[in-house]
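Undergrad: For the sequence shown, position 63 (counting from the first letter as 1) is numbered 63 according to UniProt numbering, and the numbering increases by one without interruption.
Treat the hints with care, as some may be off.
[Stated by the list, open to error] For each label pair, taking beta carbons as the anchor points, the in silico distance ranges come out as:
| # | residue 1 | residue 2 | range |
| --- | --- | --- | --- |
| 1 | 138 | 86 | 32 to 42 Å |
| 2 | 186 | 138 | 15 to 25 Å |
| 3 | 151 | 188 | 13 to 23 Å |
[To be verified] With a cut-off of at most 27 Å between alpha-carbon atoms, the simulated BS3-like pairs for lysine-lysine come out as follows:
| # | residue 1 | residue 2 |
| --- | --- | --- |
| 4 | 138 | 149 |
| 5 | 149 | 41 |
| 6 | 50 | 149 |
| 7 | 68 | 41 |
| 8 | 128 | 138 |
| 9 | 128 | 68 |
Hints in this document: simulated from the structure, not taken from any laboratory.
Don't be surprised by glycine CBs; every beta carbon is placed ideally from N, CA and C.
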Amino acid sequence: MRLAFLLVLFVFLVFIMPAVAAIGWWAMQDRPSSWREADWKATGLLPDPKSDRGARIYILAARTGGLKGALSVHSWIVTKAVGADTYQRYDKVGWGSPVRHNAYPPDGRWYSNMPTIIGQVSGERAEKLLARVEAAIKSYPFSHPGDYKIWPGPNSNSFVAHVVAAVPELGARMPPNAAGRDYAPGWASLTWSRPGWDVHATLGGYLGFAVGAVSGLELHFMGLVAGVDLADPALKIPGFGRLSLSWEASADEGDAPDGLAY
């Protein structure tokens with residue numbers, strides 16, 4: 001009985017309370033009431049593709065719309081081949097054919113929310129990885145109509161996480177508040193990945209953990225992530241994302257509450 005009480009208390013303090021705080025913070029933000037009223041325009045976050053003839057690979061994320069924006073971001077992939085004058089954007093969405101190609105501006109706002117670059121590769125390194133990224137996009141198993149589930153997945157973040165896992169040389173890390181990033185088909189999954197020799201275990205995307213040089217230490221509960229980043233010192237707080245423990249990083253995190261990164 002005491003153990004059950006302590007477990008419930010742990011879940012409440014570590015997961016439920018931060019999530020409720022994130023919902024309260026989100027409720028006070030000025031947000032569009034519907035997707036029709038939202039701003040989806042380009043932001044100028046990415047450089048003009050005509051100004052750099054080299055290859056580029058970006059992973060971006062922005063808070064999503066509605067109440068779910070309190071707890072999660074939407075992520076997508078942007079690529080540019082050598083000498084190309086335009087970017088190519090790939091998202092997974094919840095309507096029609098799930099994986100969309102150039103449906104939105106490469107660095108466009110998502111439900112009026114400003115995107116953040118969470119991973120990027122350029123030059124010769126990007127050129128070498130581009131074919132593998134494109135192959136991972138094409139091989140995504142949940143790319144047919146109806147292959148979308150907002151929670152626990154497969155959703156937009158499950159799609160990007162698939163590409164990141166298939167091409168670890170990208171060096172990208174999915175944000176802690178990218179709900180659906182830990183989704184795996186079936187009821188139980190245990191995997192390890194390089195670099196970092198990370199071990200990742202999940203029960204249908206509802207419960208799980210990750211540990212390793214890249215993930216640090218993470219606990220997963222109903223799509224929420226709590227943990228500690230050891231390589232780049234930070235706390236991972238459900239709903240809010242990363243709370244950097246580095247003063248310089250905390251001063252540059254952007255639009256989130258002080259020190260928090262989406």
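Undergrad: Determine for every hint whether it applies to the structure shown.
TA: Outcome of the hint check:
At about 19 Å, the CB distance of residue 138 to residue 86 disagrees with the hint of 32 to 42 Å. Checked against the given bound of 15 to 25 Å, the beta carbons of residue 186 and residue 138, roughly 22 Å apart, stay inside it. Range check, residue 151 to residue 188: about 18 Å between beta-carbon atoms, so the 13 to 23 Å window is met. Straight-line distance between C-alpha atoms of residue 138 and residue 149 comes to about 19 Å, which keeps the hinted pair within the 27 Å bound.
The hinted pair formed by residue 149 and residue 41 meets the criterion: a straight-line CA distance of about 26 Å does not exceed 27 Å. A hinted pair counts as satisfied when its Cα atoms are at most 27 Å apart, and residue 50 with residue 149 does not qualify at roughly 37 Å. A threshold of 27 Å between alpha carbons decides the hint, and for residue 68 with residue 41 the separation of about 21 Å falls inside it, so the pair holds. This hinted pair checks out: residue 128 and residue 138 have alpha carbons roughly 17 Å apart, not beyond 27 Å.
For the suggested pair residue 128 and residue 68, the alpha carbons sit about 36 Å apart, so the restraint of at most 27 Å is broken.
Of the numbered hints listed earlier, those contradicted by the structure are 1, 6 and 9.
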